[in-house]
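Number of protein chains: 2
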Amino acid sequence: MKLNEAKQQFIQSWGILATQWGINRTMAQVHALLLIAGEPLSTDNIMEELSISRGNANMNVRELMNWQLVDKVIIQGDRKEYFAAEKDIWKVATCIMYQRKKRELDPMIKVLNQLSDVEGDKRNAEIKAFTETIESIKKFAAQAEKTMDVMIKAEENWFWSSFIKLLK
Amino acid sequence: MKLNEAKQQFIQSWGILATQWGINRTMAQVHALLLIAGEPLSTDNIMEELSISRGNANMNVRELMNWQLVDKVIIQGDRKEYFAAEKDIWKVATCIMYQRKKRELDPMIKVLNQLSDVEGDKRNAEIKAFTETIESIKKFAAQAEKTMDVMIKAEENWFWSSFIKLLK
DNA sequence: CTGAACTTTCAAAATATATTGAAACTTATT
DNA sequence: AATAAGTTTCAATATATTTTGAAAGTTCAG
Numbered sequence: 001m002k003l004n005e006a007k008q009q010f011i012q013s014w015g016i017l018a019t020q021w022g023i024n025r026t027m028a029q030v031h032a033l034l035l036i037a038g039e040p041l042s043t044d045n046i047m048e049e050l051s052i053s054r055g056n057a058n059m060n061v062r063e064l065m066n067w068q069l070v071d072k073v074i075i076q077g078d079r080k081e082y083f084a085a086e087k088d089i090w091k092v093a094t095c096i097m098y099q100r101k102k103r104e105l106d107p108m109i110k111v112l113n114q115l116s117d118v119e120g121d122k123r124n125a126e127i128k129a130f131t132e133t134i135e136s137i138k139k140f141a142a143q144a145e146k147t148m149d150v151m152i153k154a155e156e157n158w159f160w161s162s163f164i165k166l167l168k
Numbered sequence: 001m002k003l004n005e006a007k008q009q010f011i012q013s014w015g016i017l018a019t020q021w022g023i024n025r026t027m028a029q030v031h032a033l034l035l036i037a038g039e040p041l042s043t044d045n046i047m048e049e050l051s052i053s054r055g056n057a058n059m060n061v062r063e064l065m066n067w068q069l070v071d072k073v074i075i076q077g078d079r080k081e082y083f084a085a086e087k088d089i090w091k092v093a094t095c096i097m098y099q100r101k102k103r104e105l106d107p108m109i110k111v112l113n114q115l116s117d118v119e120g121d122k123r124n125a126e127i128k129a130f131t132e133t134i135e136s137i138k139k140f141a142a143q144a145e146k147t148m149d150v151m152i153k154a155e156e157n158w159f160w161s162s163f164i165k166l167l168k
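Protein sequence lines, in the order shown, are assigned to chains A and B. According to UniProt numbering, the first sequence is numbered sequentially starting from 1. According to UniProt numbering, the second sequence is numbered sequentially starting from 1.
If you're looking for bench data, these hints aren't it; they were derived computationally from the structure. Hints are all accurate, no fakes.
All copies of an identical chain are treated as equivalent in the list; a pair is satisfied when it fits inside any one copy or across any two copies.
Result set (BS3-like, lysine-lysine): computed pairs, CA atoms no more than 25 Å apart in a straight line: (1) K153 x K165; (2) K153 x K139; (3) K138 x K87; (4) K165 x K146; (5) K139 x K91; (6) K91 x K153; (7) K138 x K122.
My request is simple: use the sequences and hints to build the entire structure.
Below you can see the structure in the form of structure tokens.
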């Protein structure tokens, strides 16, 4: 397979995967492009490679910087801004985990906490069904958050090797 | 907080969380409704509670059955179909994990495998950058898949208690 | 077999999300 | 200070996704 063909294939597939997980397709494609680039790319490079407008390229590259997945790179003697992605995949994964936890899971947990006590007789079947479900989601979420916090702080080798021991 | 208010709040929040993760809002709301229901609900119940059309209710309830998160319940002497959600949250979580892995992650991994060898000089910087990124994503994905497979098969208590040991 | 009860389908309409591109803004150079 | 180079914004437009609802399909009791 030719390099350019492989690059395009990767960019497309990464974009599709992203949309399936609620991430803007173009943002993911810009990310993919930067992940496989040998050197930092300018906004014009990105526009060209993905056939997208300047506005779109600009907005997504900035969003990726918000997510801390991409950094601005200054090249001496060039007024253009260049961009480079974090390439350590463990760091990429834990970064995404951190961001999504913060943006999406934490607010849900906050809501769950507010739902813990409903008015009325706790022996009432409807109230019991509701409360039990909420409580078990809360318990699960607490464990999941703990797990994610460990991963976010962990060093990759330590994490996987510990995890493998778990299986023995 | 009143029960009905709390129910609505939960359904809304669950729906929002779902859209953020690429899941149809209504499907998630139907799921939420069934998770907190004290007894199986009919299509008419669902339409009423969520103010949605029959077509929408029907399609989402069937999609939830595809995902194996909801079962059809037959009530003797009633021609209507009723629906009930799996309430064990560990089972819900591992079921979702299994489904999303199968539908979304496995296809991506298949693509990654096809991208492993590109034509050309392996010392070329562009080719090297591409290959290295793909390889490290593949390695990460392989570990992640292994982890998910363990979780999918695992019993909840065993998993969390083993995981806690890992931290010591 | 017939008709009532219920479920499913799917084209059209509604809604939500993403993209464009030109104007406004910012920054660096002469 | 004027200009050129580059970046950002955002209203208008385009695209993608979801929802509706009525017609077609199915099932079952009498």
